[in-house]
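Visitor: Listed in order, the protein sequences are those of chains A and B. Quick note: this note's numbering has the first sequence finishing at residue 358, numbered continuously throughout. Quick note: this note's numbering has the second sequence finishing at residue 787, numbered continuously throughout.
In short, the hints are calculated from the structure, not lab data. These figures come from a predicted structure and were not determined experimentally. Hints are not guaranteed to be accurate.
Unchecked claim - With a Cα cut of at most 30 angstroms, we get these calculated DSS-like pairs of lysine-lysine:
#1 A:Lys129 to B:Lys489
#2 B:Lys544 to B:Lys510
#3 B:Lys655 to B:Lys510
#4 A:Lys93 to B:Lys524
#5 B:Lys548 to B:Lys523
#6 B:Lys472 to A:Lys93
#7 B:Lys524 to B:Lys510
#8 A:Lys150 to B:Lys472
#9 B:Lys748 to B:Lys777
#10 A:Lys150 to B:Lys523
#11 A:Lys150 to B:Lys777
#12 A:Lys150 to B:Lys524
#13 A:Lys150 to B:Lys510
#14 A:Lys93 to B:Lys489
#15 B:Lys777 to A:Lys93
#16 B:Lys472 to B:Lys489
#17 B:Lys566 to B:Lys524
#18 A:Lys150 to B:Lys748
What follows is the residue order along each chain.
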Amino acid sequence: MLYREAGDFKTSYREDGQTFPIRLDRWGYYAVLAVAFGIVPFLINDYWASAVLVPFLIYAVAAMGLNILTGYAGQVSLGTGGFMAVGAYAVYKLMTAFPEVNIVLHILLAGGITAIVGMVFGLPSLRIKGFYLAVATLAAQFFLVWLFNKVPWFYNYSASGQITAPERTLLGYAITGPASSAAVKYLVCLCFAVVLAWVARNLTRGTLGRKWMAIRDMDIAAEIIGVNPLTAKLSAFAVSSFFVGIAGALLFAVYLGAAEVGEAFGINKSFLVLFMIIIGGLGSVFGSFAGAAFMVLLPVLLKNLLVGGFGWPTNLAAHIELMIVGGLIILFLIVEPHGLARLWRLAKEKLRLWPFPH
Amino acid sequence: MKTKLTALALAATLAAAAPARAELVVPSLSYRTGPYGANGTQYADGFADYFTLLNERDGGIGGERIQVPECETAYNTEKGVECYEATKDTGALVYNPLSTGITYQLIPKVSVDKKVLYTPGYGRTSAKNGKVFEWVFNAPANYWDGASVAIKYLLDENGGDLSGKKIALVYHNSAYGKEPIRTLQKLSEKHGFELSEIPIDPPGQEQKSQWLQIRRERPDYVIMYGWGVMNQAAIQEAANIRFPMENFIGIWWAGSEVDVLPVGAGANGYKALTFNGVGMDYPVYDDMRKFVIEPGKASQGGQYVGSALYSRGMYAAVVIAEAIRKAQEIAGTAAIDAQQLRDGFEQLDITPERLTEIGLPDFGPEISLSCANHGGSGMARLQQWDAEAKQWNLISDFTEPDQEVLEPLIAEDSEAYAKEAGITPRDCN
């Protein structure tokens, strides 16, 4: 009844091309932003920040990064964990080498360094495709983890190979280190997630995004109509790795505070982020958020329900949790192979016709 | 409306369970699943059962019952953080996460939240320096103590001279496994043995190439810092290449029944360090049977009672319980908080007589802590596996590590941490 285009007149191309063409959608979007920025920071506590919202936002950034590469440009990557490690170690080296420089700048620089590394490992994509490329990026994953384990310079020669984030502040508030408050951590991650989502949305509907999608859909045809595969593929790797690097930097500096490369950025992380975009929906910014929410929040929710709610033993709950999450993934992929984003789109289509579907 | 209600219900389940007050809360960040689950589950049982015993027999400590809420971490640092955040506002006093990775995460956090972190035999070695690590305790022994005691044992075997011998370190390629490298390097300079480092990527089911390397290099001794499935795989591989088991020494985390039983007779003679006794020959088990096992209150039905890891988990609980007792004595109240517990830890003094009183004679070394020393004496001993009898036998007395080598290393590492984290070391006089 309320949810429709009728009566919402567009008088310019700009208005016609906006992300949320329906008024109710726009209001919903502004309401979510207002709650996220205006209300949540006042209510948040350590548990909500550290166990729920901060990891959700960070993984959403990582999923957006992988979605650009896999969902938009069609280059399958299993190197996400390795690239996150590059972001984490870059920010660690920068933080400890230049303590006086602003941490936000360091995180952005870490993203830049990851972009360069990503481009180097993206070079094989010019010659190999599909599963073969996936294996090449898998090699990147193992190589990078091995490198950060092997070369002591990366972890400042600490005895155990662990990296620990020292305290860094922005405008007098501690962002990293143990003294940082829940609200500050949350807001930093939220700002990064919102700005990067805005960037991703606008990149993917512009020239660059169209080139990526042309390459994804059929690279020979794309080449014939004038898309340069070299720049298109490498720019996809660069932008994607930039996002993933920022996610890795935030994961280490803001969320975990200390990390060990094999454990925090292993192959499991690559698969986790890949599952996020598959469940969320390939080629969709909303899907990245939905997939991250699914993979991060569901285990926590199930754990609290089974252990806290029903009082089950923790090991039984942990095993059941794995089964339920696994089962749900399979169910989703059978019922809706295009992910949660597609489900959301269908729901909106139905809502538009409600209550008089033809 | 419906979506709002669903959202509310979801929010309610996501929020942590409501805290229960007025009891001593000792959260157990355990792991009973994943590649380390077989080891973690026994430790968690011992930890929980000792507190159950105190609750059932004595009504808690000083009249306060002890609550041990469990939270599954699966040895995963992200889940460890979640568990810590979920339990820290429930009045938690002390954490014992049994994971070096999680310990590294929690060290900065506990100093801000003012909680005690007790990491017996694992964690950050330099936390022994209480001047820098105010809230962390790692008595009775740490990784560097273990490395030094192992070398001392080998020195004894070789008449005090290890020069020209080859020793290989097989380690879990993580913070845990890398800890002893620096100590062993120093010791190799001092005693003139040749050290080769062989990393094994976690979880470590696949070690063929590493053992091929050992077969080629023919080291005289192998020292292993392993955990979880890595241990049994390593012992199996060692048996396969017919490496003499009596020259193979594991750290205490590579010395439990689950590590050697799958290898069968091939594991006979394998040695491991330990800082606690094993088996059921201690008077405390009479009470344990009466109050915990027979009434069916034991964790998981008591199937692992008396095993090496069960005993170690119980030993951690004993030390925490003694620290709580001490803290109650100092504070003059039974309902202590984490700050008072820390004071209790710093004045902890577990004498052999006290251990006998508890019903665990000669179970562990004497522990005497202070403001500056959070790690105790670092004494450890060796046990050897008898595959036929399926039991561990103690083969040496408690040995003191080489503090001459360790102390400068601890000072150096803790100073580096203090500098990195911006801590001014406390004055302990």
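Visitor: Now tell me, hint by hint, if it's right for this structure.
Guide: Now for the hints, and whether the structure bears them out:
no.	hint	verdict
1	A:Lys129 to B:Lys489	violated, 57 angstroms
2	B:Lys544 to B:Lys510	holds, 13 angstroms
3	B:Lys655 to B:Lys510	violated, 42 angstroms
4	A:Lys93 to B:Lys524	violated, 36 angstroms
5	B:Lys548 to B:Lys523	holds, 13 angstroms
6	B:Lys472 to A:Lys93	holds, 29 angstroms
7	B:Lys524 to B:Lys510	holds, 15 angstroms
8	A:Lys150 to B:Lys472	violated, 35 angstroms
9	B:Lys748 to B:Lys777	violated, 49 angstroms
10	A:Lys150 to B:Lys523	holds, 26 angstroms
11	A:Lys150 to B:Lys777	holds, 24 angstroms
12	A:Lys150 to B:Lys524	holds, 23 angstroms
13	A:Lys150 to B:Lys510	holds, 29 angstroms
14	A:Lys93 to B:Lys489	holds, 27 angstroms
15	B:Lys777 to A:Lys93	holds, 16 angstroms
16	B:Lys472 to B:Lys489	holds, 15 angstroms
17	B:Lys566 to B:Lys524	holds, 20 angstroms
18	A:Lys150 to B:Lys748	violated, 39 angstroms
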